[in-house]
Each structure stands twice: as structure tokens, then as C-alpha cells.
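> Each chain, written out:
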Amino acid sequence: MNRLALAGFALSLLAAPVYAQSTAEQTPASQTGPFSGYMDFHFNKEEGLAGELDFHRFVLLFHHSFSPRVRFVGELEVEHAFVEGLEDAGELELEQAYIDFLLSRSFNVRAGMMLVPVGIINERHEPPVYNGVERPFVDTVIVPTTWFEAGAGVHGEIGRGLRYRAFVMAPLNALEFSADEGIREGRQKGSRSNVRNFAATGRAEYVGIPGLTVGASFWTGDSSFEAPRLDATVHVGEVDARYQRDRLELRTEFAHVAIDDAGRLNDAIQGLTGVSPNIARALRGFYAEAGYRVWNQGSPRDLVAFVRYENFDTQYRMPGGFQRLPQFDRDAIVTGVTYYPDPDVALKVDYVRRRSQSRIIRNSNAFNVGLGWWF
Amino acid sequence: MVVLMQALVMLRTITIGLAVLASAAAGQQNERRTIRISAERFAFTPSRIEVTAGEEVELRLRSNDTSHGFRILDADNLTVNVAIPKRGKGELTVPVRIDKPGTYRFECSRMCGAGHDFMHGEIVVKERAAKAGENDRERR
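Quick note, the sequences are listed as chains A and B, same order. So the first sequence is residues 1 to 375, counted in my numbering. So the second sequence is residues 376 to 515, counted in my numbering.
Treat the hints as calculated values from the structure; they're not laboratory data. For each residue, glycine too, the CB sits at the ideal point set by N, CA and C. It is possible that part of the hints are untrue.
[What the hints assert, rightly or not] Computed from the model, here is a short list of chain A residues facing chain B with C-beta under 7 Å: (1) Asp-54; (2) Pro-68; (3) Arg-105; (4) Glu-123; (5) Arg-160; (6) Val-207; (7) Arg-264; (8) Ser-299; (9) Trp-374.
The following block holds chain B by itself, in its conformation from the complex (with noise of 0.2 Å):
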């Protein structure tokens, strides 16, 4: 009777400790990165982001002046086009995962002034890294 309770608390101890590392991993993926970006006639600040293939980023993008639009080009399967609120008016978060390795222009999409097609930048998308365990599994 009692080797059984022992098993059982083993029992339940092991299915807690997986649930946690499963909830920890989970909480990894979850962890987003933010990227700051600030738009103003006629520049976004940073105009050059670079992130990892099938990495998520949350881009938190505030303007100091009037409404911007935030449009990515060339992104298969992502569509983006969005407006950031005029100064004082709030901040526009745009979560942005992109699974291929590239280079992907952004810009602003909403008629900002006479040097509004100045306003871009780009995404480079990066090869992620293999991870060693990986890699000898691959091999073998």
C-alpha cells in the first residue's frame, strides 16, 4: 500500500514537472522581442530591422508628427498595412513573423507629406542557426 502512494506521489510529481517545462517552453515561444520604431517626416527610425526566419517580434511603431501609414511589401504570405496613430494618440503594435530568409521593404503607406516616398525601410529575415542537437540528429 504504501510502495503504491509512493508510486502515485511519484506519478503526480513527474506529470506537474512536465506540465511545467511543457508551460516553460510554451512560455519561451511566447516571449515575443520588441522593436521601437519611430516615425516621423520623413524617416522611420530604425529603417533597417533585422529578425530571424520564423521569429516572432511584436513592432511597436509611434509617430511624432502626423498619421503614418506602416505597409510590407513583397512578403508572400504576410499582408501589413496599417496606420500609426498621429503623435499623442497612442502607439500601434504590429506582431510580424516571417518564415522565409529575405530582405522585405517596408514603408509608409499613407500620403505624409512632400517627402513622403522617402519614408521606408526594410525587414532582413535571417537564416536561423541550427541548433547543435539538431544538427547531429540530422547526421545521423
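Just chain A, with the same shape it has in the complex (with noise of 0.2 Å):
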């Protein structure tokens, strides 16, 4: 019997490969040049004002071997097209430059320029990946994306799904902070970075269950390095869930931003500056979306609908004796479609209602349309 069914193996293998073959049903790949990047071209046009056409993001991704377990990886960014010396003109940034050390599934070590592990759309802000022109308002005003630091730190998947990073970076400067858009000035981006102190910052993030993603992510560290008799501590928190599900596409993002010692840093930059930039004690936002799949058929008969709320606050909390300003506690929707021709190319056409608690500051809406892809 065993004879019988050894020769039975053994005709089958003449029938089926012994070692790894692989097939897909599939159109022709398509071609991919040594480098790998995305782009993000948009129109604009604020109620108010006229239109504009930005070429927002160029980014080009650089991938190296040294070896299977020693990889580098670089990403370098030119932000509205044309860099002068101001950044409202254009921005050149080294967003990523590190080495990876691949040690095993569970701990792997990572050095040098690195995105802070912090938020859905930070580590994950391909055009084609997100619903909307521009990225949520609470990534952009209460978690500073694209926020990059330089560090060192590791990362790894533990369990069936379990994934992690920690990494120590250098601090924010909390003499950049503003009320308008919160700590986003502050970054040091890698250029010189102060590390009198560091910062420590990690995210756990469950991926076992197919289509669904949770994750939770935080921050902290002493950004008062250049006054060091203040205690500027800045601690980030946030959770986030995805979950797709046939045409259904659901995500939620919340934020929270505490800075210590806030009244004495207004007092702080005052005494520098002659304006107190009525920074919070606290920030806060969250946003929750639904994408729906009209057009199901795979590319080019492939639309998304969705519908967005967003409500961010740069004035949470004041420190005590500062005026809370409602201009600054804001909600958004946006509703719009993405429709991909492929799906690394993204047509994003959207409308953006936003409103504050402010009774003076005029709301203003919004019209976007975008093009991006990813190659």
C-alpha cells in the first residue's frame, strides 16, 4: 500500500511542481523604473477666492539591499514645487533616511530619519490611499503629518497580529508652538535637532483580522530645550480603527494633545517675541469616515463615495488666565468621490464645509479637486 501510494506521489509530481511555481490571473504588470514615489496635483478654490493650481507633493522613494537583513530606505519630498527660502514658497524635505536591521519577525532595529509611528495618514500617505484631496484637518493641525524626526528605535510583529514600534527621537521645539495650528511648528525635522532631551514614541496596532486595522499611538517629550527653565512637556495619544468590508469602507481617527507648563510658555515667548501666542494646554480632535464602493468592477470602473466629519480644536484648554478663542474650535465635513482609472492613480473630487464656534471669523467653504498616484 505505502509502495502504491509512493508511486501515486510520485506520478503526481510529475503532474504538479515540487518547489514554489506561481501563476495569476492577471493584465500585464506594469512597469516600475528604478525609483518608486508619488504625487499629489490639486486645484483649490476657497469660497472668496480665486482658484489655485498647486503641484503639492513630488516625492520619490529610494530603496537599497546591502544585504537581505540590512536594507536603507529614503524619502525626499518637494512640497508645492518651487523651494525658496521661505516655506510658504515650497518645501525640500528628507522626510525618511534610515537603515533597517531585519533580525527577525518579532525585533528588527531601525536608525535614522523616521516617521513618527503616530496616526492613520503619518505612515501611510499615499494619495490613493485616503479619501480627499488634501489629508484630514485632525492630521494636520493636532497630529503634525508628514511628522519625520531623526532617531533610532525597533519594530516588529508579535502573535497573529500584533505589531509594534518605539523609537526615541529628538524633541519638538515648543517655542514654534501656535494657537492655529498647534504644535506643528515645532517640529525639528532632522535639521540640526536639539536633543538636550529626547522624546520617546511608539504605537501597538492589531492587523489579524482581514480587512480590519486598530491601532494606538503616542508621543512624549520635554520640547523646551531652548528655555530650559520651563518643563514644556508634550504628550500625544491617539487611537485609531479601519475596517473594509466588501464596498464598505470605514475609519476613525482621535487625538489628544497635552502640553505641560503652557502658561509659562506664553509668558516665555512674550518675553521674546512681544506677542503672546496664546498657545492651549490642550488640543484635541477626532473624525470619523465612511467610503462606500459605487463602481465595483476593478479599475477603470472604480469610484468610492464618502462623507467625512472632522471636529479639531487648537484651544481645548487654555492654561490659567488665557482666553480661550472659539475661531479655533473648528468642525468639517467633506463629502466627495475618488474614482481610479488604476489603482495607483486616484481622482479625488471633493467639497469641504467648514465652520467655527467663532462668531466674527467668516466660514469659509471649500472645492477641491485632485489628481495623485502612486508608481
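With the hints in hand, could you dock these two chains into one complex?
Pasting the structure below:
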């Protein structure tokens, strides 16, 4: 019997491969050159203002393997197409440039310029992977994407889909915080970053169930190195979830920022500049988005309609003696569609209805069209 | 004559029976276990696969977004480095058999975005459990 079984198996080997081969029912694969990257080309028309055409992002990614276990990744970005001395005219940013030492599934070491592992968008920001022409407001003014910094740390995956990253990085610079954009301008961006103190950041993420991703992130670091008498430690906490099943796509994110010693920080900045920045002691934002793939036959017959509600307040709690300004308590409803002529090309159209709690500052809505692609 | 005919019929029955048994045994060996893996920036789900040494499995990989790569590392006698088609463009089928117990890493081998290097997993190849009959024979 066993001999017969062996004979049968031997015959079966003639028909089936012993070692891996692959087959795919597919159309011809797209061609990729030595670089990868993504582009973001926008038309923005804000109510009461002239429309703008903006080549928002031109990003190139580089990848090199010194060996199967030692890798380099680089990401270079030009924002707003033209780089001058001031940021409004454009930026040239080195967003990633790190070496990965891949030791095992559960433990790997990374060092260099890295993305801060906070939120949905900061590490996952290629235009075809999110709805809306512009990134969510919460992922701009509460979590300051694209948030990158020099540092080192570990990452890996344990069990059935529990992933982690834990990094030590250069801290934020609290003297650059503002009432409107929160901690955003405090990013040192790995450019001669002051490391009198270090910040710690991390993220845990569960990806063990197909279609579901649940994550939680934190950042904490003393950010008052330019004013050492202060204790302006910044704490960021964030939770998020994404779920996709059949045609339905859901995502949500909540982020909270706490700034210690914010009152004395305002006084210190006023002492330096003559103007109080009115920085809050707490910032908060959240959003919820639902998308439905109304055309689901695969690109070029691929269209997602979505709606997103966002609430974000960069003056959620003020230090004693400082006035909370209602124009910074804002919300937005973003409705639109994303059309995929190819899974890597996204044509986006949306309408943004913005409101603030202020009775003085006028609300402005916006119409946006965007073309983004990954290659 | 009748006895001869009966003997021939019996012989034919035995031959057919043996052929059926051989075919069934071969069929059992041919039945590959199918493991479905979804790929999405920047994770494979599941990212940990358990097989038995010498077991033939069929990995079926489907992308939810862009084209990803699938490469198995560390396996001496196995070369896999293939592209998973983009969303809606089909499924990749990879028959795999690894004879040597151990842990073999796999990863995305096609740059797929800012978190590309987070996209990896492992195939855990376990020792094949010896059957009772085989153990008895070995003892004898």
C-alpha cells in the first residue's frame, strides 16, 4: 500500500511542481523604474478667493538592500513645486532616510530619519490610500503630518498580527508652537535637531483580522530645550481604526495633545517676541469617515463615494489666565468621490464645509479637485 | 474452464482495486491545503503561516491596493520572488513545499510606500509527526 502510495505520489510530482512556482490571472503588470514615489496635483477653490493650481507633492522613494537583512529607505519630497527661502513658497524635505536591521519577525532595529508612528495618515499617506483631496484636518493640525524626525528604535510583530514600533527621537521645539496650528511648527525635522532632551514615541497595531486595523500611538518629550527653565513636555495620545468589508470602508481617529507648563511657555514667547501666542494646554481632534465603493468592477470601473466629519480644536483647554478663542474650535464635513482609473491613480473631487464656533470670523467652504498617483 | 474464468475475473478485480487504491493515495498527496493571504499597505494578513515539513500548500495572495511583491527568504532550496497583482487584477497562486523544519521569513519585495519595510511575515515549518505504524517498523 505504501509503495503504491509512493508510486502514486511520484506520478503526481510529474504533474505538480515540488518547489514554488507562481501563477496569476492578471493583466500585464505595470512597469516600474529604479525609483518609486507619489505625486499630488491639486486645484483648490476657497469661497471668496481665486482658485489655485498647486503641484502639492512630488515625492521620490529610494530603496537599497545591502543584504537581505540590512536595508536603506529614503524619501525625498518637494512641496508646492518651487523651493525658496520661506516655507510658504515650498519645501524640500528629507522625510525618511534610515537603515533597517531586520533580525526577526518580532524584533528589528531602525535608525536614521524616520516617520513618527502616530495616527493613520503619517505612515500611510500615498494619495490612493485615503479619500479627500487634502489630508484630514485632524492629521494636519492635531497630529502634524508629515511628522518625521531623527532617531532610532525597534519594530516588529508578535503573535497573530500584533505589531509594534518604539522609537527615541529628537523632541519638538515648544517655542515654535502656535494657537492656530498647535504643535505643527515645533517639528525640528532632523535638521540639526536639538537633543538636550529626547522624546519617546510608539505605536501598537492589531492587523490579525482581514480588513480590520486597530491602532494606538503615543509621543512624549520635553520640548523646552530653548527655554530650559520651563517644563513644556508634550504628550500626544492617539487611537484609530480602519475597517473594510466588501464595498464598505470605515475609518476613525481620535487624537489628544497635552502641553505641560503652557502658561509659562506663553509668557516666555511673549518675552522673546512681544506677542503672546496664546498656546493651549490641550488640543483635541477626531474624525469619522464612511466610504462606499459605488462602482466595484475593478479599475477603470472603480469609484468610491465618501463623507467625513471632523472636529478639531487647537485651544481645547487653556492655561489659567489665557482666553480660549472660539475660532480655533472648528469642524468640517468633507464629501466627495475618488475615482480609480488604475488602483495606483486617484482622481478626487470633494467639497469641504467648514465651521468654527466664532461669531466674528467668517466660515469658508472649499471645492477641491486632485489627481494623485503612486508608481 | 469455469475455474480459470473465475480466477481471471478475480485477478481483474484485484488489479482494478489496486489501481483505485493507488489513485486514491496519489490523490491524497495531491490535495494541497490552500492558504489565502491578503496584502495591503503595509501588512500581510495572516503574517504567520504554519505548515508541516514536506507538506505541499498553495498560497493564494490578493492585493487590496497596489502591486506588492512576495519573496520567501532563508529557504536554501526554494526561490520565490513574485509580484502580486494590483487590486481587482487577479490573484497570485504560489505552490510551496519546504522540507526542512524551521522559520522562514517572507516579505514584500516591491516598494509599495512609506511603510514598505514593515510588510513581512513568516512561515513556520514544523516537524512531521511520525505515524504509529512507521514507529513500530523503526523499532523492529
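> What hints, given by number in increasing order, does this structure fail?
1, 7
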